[in-house]
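Given chain P, put chains Y, H and F in place with the hints provided.
4 protein chains.
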Amino acid sequence: MKQVRIGMIGYGFMGRTHSNAYLQSPRFFPTEHRPVLKAVCARNKDKAEEFADRWGYESVETDWRELLKRDDIDAVDICTPNNLHKEIAIAAAAAGKMILCEKPLAMNSAEGEEMVEAVEKAGVANMVWYNYRRVPAVTLAKQIIDSGKLGRIFHYRANFLQDWTISEDVPQGGTATWRLDVQAAGSGVTGDLLAHCIDTALWLNGSITNVTAMTETFVKERVHAETGEKKPVGIDDACAFLCRFANGSLGLFESTRYARGHKALYTFEVNGQHASLRWDLHDLHRLEYFDHADESKVRGWRSIHVTDSDHPYMGNWWVPGLQIGYEHTFIHQVADFLKGLDTGEEVHPTFRDALETQRVCDAVLNSAKQGNWENV
Amino acid sequence: MKQVRIGMIGYGFMGRTHSNAYLQSPRFFPTEHRPVLKAVCARNKDKAEEFADRWGYESVETDWRELLKRDDIDAVDICTPNNLHKEIAIAAAAAGKMILCEKPLAMNSAEGEEMVEAVEKAGVANMVWYNYRRVPAVTLAKQIIDSGKLGRIFHYRANFLQDWTISEDVPQGGTATWRLDVQAAGSGVTGDLLAHCIDTALWLNGSITNVTAMTETFVKERVHAETGEKKPVGIDDACAFLCRFANGSLGLFESTRYARGHKALYTFEVNGQHASLRWDLHDLHRLEYFDHADESKVRGWRSIHVTDSDHPYMGNWWVPGLQIGYEHTFIHQVADFLKGLDTGEEVHPTFRDALETQRVCDAVLNSAKQGNWENV
Amino acid sequence: MKQVRIGMIGYGFMGRTHSNAYLQSPRFFPTEHRPVLKAVCARNKDKAEEFADRWGYESVETDWRELLKRDDIDAVDICTPNNLHKEIAIAAAAAGKMILCEKPLAMNSAEGEEMVEAVEKAGVANMVWYNYRRVPAVTLAKQIIDSGKLGRIFHYRANFLQDWTISEDVPQGGTATWRLDVQAAGSGVTGDLLAHCIDTALWLNGSITNVTAMTETFVKERVHAETGEKKPVGIDDACAFLCRFANGSLGLFESTRYARGHKALYTFEVNGQHASLRWDLHDLHRLEYFDHADESKVRGWRSIHVTDSDHPYMGNWWVPGLQIGYEHTFIHQVADFLKGLDTGEEVHPTFRDALETQRVCDAVLNSAKQGNWENV
Amino acid sequence: MKQVRIGMIGYGFMGRTHSNAYLQSPRFFPTEHRPVLKAVCARNKDKAEEFADRWGYESVETDWRELLKRDDIDAVDICTPNNLHKEIAIAAAAAGKMILCEKPLAMNSAEGEEMVEAVEKAGVANMVWYNYRRVPAVTLAKQIIDSGKLGRIFHYRANFLQDWTISEDVPQGGTATWRLDVQAAGSGVTGDLLAHCIDTALWLNGSITNVTAMTETFVKERVHAETGEKKPVGIDDACAFLCRFANGSLGLFESTRYARGHKALYTFEVNGQHASLRWDLHDLHRLEYFDHADESKVRGWRSIHVTDSDHPYMGNWWVPGLQIGYEHTFIHQVADFLKGLDTGEEVHPTFRDALETQRVCDAVLNSAKQGNWENV
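Chains as they are written, first to last, in our numbering: chain P, 26 to 401; chain Y, 26 to 401; chain H, 26 to 401; chain F, 26 to 401.
With the rest of the complex left out, here is chain P (with noise of 0.2 angstroms):
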């Protein structure tokens, strides 16, 4: 058994579905290597100290640079605001340690490319928290596709629905709103929700070439969290584009939060010439799988309830029938990544891979300022 001694900075809502797969992964996919929860970071002490005891973290600090500064950490989970992504990524870099990012990679390709050039020089291990790869059902999308059932692809389209800032009283910035603030987040509804699907994307459908797009703010001024004041929303609440891929199919994208009655409804759909494909988040367990080889007369859309031991990651977990949830994807990224260190192999998506997606989202929001079709 070999340690992976984690140092976690930030302890939101991701530093929380980091933590729960640290502690899950080596009972369902037991691997050489293991994780060990060595520090939380955070700069409200109290806030740190109560995690730590949650989750089991053996000691807290409050300012990131001292817990990169020590020698019993080797891997940095960053899970702070997206304008600190890089400042933090560098540096743990140049101090040796491996590194996980939640996603997006950093404010803009600008950033990320500085970023991917600290760790490759680093030479450390590194990871973007794009966990949405690794739904079962996904996962076995990608076996699908790259089994050459779909043949030539004509059509992927995406989109990621929410709802929760239809309401003006919700507020930007802050520590729960701070993705409504466009100095923390950089972007809004692009960078937090069509940066997973155009991750998916690309590692489905391959490169996007050229995109054109459109955004907009429904609500344009919001109280800020902290200060109270009202201020000018910096964000796009709403974006959609139209792409071209590599491969000759045509792609078509789109998220908001202004969708009443959809929580997190992120769906995707990839028509081939023998098959198509499509799943959406509200159901993850299942994939929907048509495809046209099948007998004329009993052909139809399959609903492939993705829980038997054949199904990726499912074999680990209990018996046909019995669905996961969405907490189990970061369990498999980190089961993956721990295996990645056994093997030796590189575990995707990386940070380069993650700055494709980056350039994606910068021509997205280039093409929709500029009112043209924009290359990445």
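Derived by calculation from the structure, the hints in this document are not laboratory data. If a hint is listed, it holds; no wrong ones were tucked in.
Below, simulated EDC-like cross-link-like pairs (lysine to aspartate or glutamate); rule was C-alpha separation at most 20 angstroms, straight line:
| hint | chain 1 | residue 1 | chain 2 | residue 2 |
| --- | --- | --- | --- | --- |
| 1 | P | Lys174 | Y | Glu320 |
| 2 | Y | Lys256 | Y | Glu241 |
| 3 | H | Lys174 | F | Asp319 |
| 4 | Y | Lys72 | Y | Asp88 |
| 5 | H | Lys167 | H | Glu371 |
| 6 | H | Lys322 | F | Glu294 |
| 7 | Y | Lys322 | P | Glu320 |
| 8 | P | Lys174 | H | Glu193 |
| 9 | F | Lys167 | F | Asp335 |
| 10 | P | Lys256 | P | Asp194 |
Structure of chains Y, H and F alone, referenced to chain P:
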């Protein structure tokens, strides 16, 4: 072109569905024999004339005995309440008329036997309107089962759920609500709804050997629609039964008019060794199919959109993807009846087929009364 | 009873749906005005006669100019390929005939303007067969939106997905596949499919102000059905566009004939401040509705089975729970047209309404060609 | 913080689900009482040690009697085959241990009665792992019913369908397949699957008064997993029953391991005067709800995505829209058990609750044997 001159008895809901079917059949399913709407018969002359005008019947009668005497009537369509089926059918057979009789065939199997004897002795074409056999998805189910894809059958379950009599204010008796009057209907949901489920089951899965049943009348007294008098309710509001089929499979049937939220939810499911099927009337254009022979990773219930040109009856309608509805089941039945006249082949369900359903209904009602298993 | 004597031009798929509608409308939706199938016109006399026989037209013509000269024709129904709409419609208007024209109105909006001018100058009743407005679930969506239940609209998305031209062996041109011939059709999926989506969108959500679009032709050359010659394909196989509506909402539209697994999947979704709606043509009898005003613990998307007697058009059909199908949309349109003649009220969509759709189609195709945002 | 030192007996599938629950509960549902994984007991020492290592148990035992003697064990968790429940539970009660026992409580109700007497006499906290009560959607169903929204209940139906024993090659007996061995399991689907359905039904809808049942063993002989000897199969492969509830409603229950296409399809539906509910385990995060009080035009079955923070248990997990899975039901049960220790309130289902389920199971099996209605 050979005329089949129709004399319709009754002008209610079923009178409409049948009349529409006679008119539509030749346009979509051309046959040598063509129906001609010769006469409609009802005690109320004004209603009969209004109906004749709407649907294009050439004449009206107010006494069905007079109708049977007419030389210009080839076929009699019995759309009266159940308590009149026997007398009319036997007289019609004696008059040498073809007979198309609404379901259930009779008030009970004793009546049914007389009717079968009459039509078989007279040698007249006869058919009972168990229309759901001719939903394209149901006919497809029959084809799939007959192909052997399911292998040995283990389970058959069906139900027919409605909610229109929950209110105590719904009356019994009269033109619109005779189905709640045991004198006119013979039974409640058993003859009205379960009879459909049983007819399909016998067709798809063979004979039922024995049953154990339970009935309930939730609302004990209702006002009579015509007299206004409050009287005990004699019908079964709900009925469920377990049974065994001759092929060794187990059956489970249920029907009620007290299932809030369901209007006409007729569903069935068949589980075989290799494959399973399920269907419901609320989405009648779909058939669900699971085939264990599919490659395991991409196995799942298929939702077959039964609208392709190679699906039963569908090549004569529109184009793939465009659904048909309820009324088309009657059109298909007329089309098949006429094609049977063209070719001389018997068209099912005949009176004899329907008698078998009646026998199961009798066994069900007897079992419910006596609290034991009853042989069919 | 007042006769409306119909002269039908064309005998293809749409000729059948319209003829059926003329025959069925009076039986289910009685009006003072009643259609009489007077003549069908087609260049091929044999086909015209066969069609007349099937549907009960009293006579045939082989030259539409002759048809227009006849005094016994009150209304002309144009079911030809798109490239003939303009000439026939203008001549019919000049002849004082009512006009029912298949969609899209014209090859482009320049043609459409001439047509609108002609019918308005002539003062003849005119209507375009955008039949999907009259799916009961779609009409219900309109009623719900008009009631204000949705509040401010944020998003409108629609697509129309098919898969019938994936094979390179599908020809272009000829009677059955003129929709792939740019000379006859004017465009591909834009005029054929997106036009439906746009018509519904304008009806439900108001004007579209500007668009950015992308088109693709996946199969570059196809054999001509009549000449056998392989020629470049001029139509758009797929088209997607982003747009903004005058009410401030964002739109997303897509259509293709290369979406494996979908036959006629026309879907739309509308997200408002308080409620959302979605619908698809593959289950056309259902409307999905989410109402944020519902008590929070039991809030969810409702699947409305649009078959109750208080749902649009449904009181004239069967009983609750029993669905109707595709063909009924045309019956409803005829019924409304006839009722409009009874009352003198204009029935929509008129030529002028359809011209607005044509303008959006033009902007879409121009944007796709030029790669920029285009005003409508 | 008060420790509850757990002694786990058994290390199979249920041993894993419970162990996980003890570890996860304190992190998501903090309580004063906290479980400590003290010892795991199994006859096979290697397996016990491997299990202890994986889950963090401090020690192992190979004889459950030794475990019961230990002073450092507060609570015993019985995860053995059913035929050992009684002896262990009675001994554990005598030793003053709290008891958490897997379901079904016992081999039959006679055993169950002894066990209830033992725990009640000893005054020890006791609970049975009918985990499905604590699926958030099922708990929500309970809240909705208790609120009175459904009014008088007319119908309750449930089934539990699996397909894993269709092959004749599945053995009986042994560690993995003891559920097919009547000596170890007592019954087949009745105790294994229907017991779940009955427990939920009693909880949601009150007592069952009488039943009529049917069982079947489709595969008559199976090889024993350990001896290799082919022997008659003593369990019921399938069981269905009709019943009446004390509240006047009718029940319909079915379970089988021969329903091709279903892995763990536990479903139930409740129809009340004003509203109905349905749920299934294959999409456990959803509850379907129909409320007749909704405005008629927009009435429909609601699909409640039970992931909002005001839904049972969900406030302690992630954010709205993100689903949890099967294992969480056990976590909730542990959390409630511990909270019960904090507050002193009894936590259900207790042994006494589970005895009621056992009595229904006995009546079902007796009825199936004797072919009559049986009182509970």
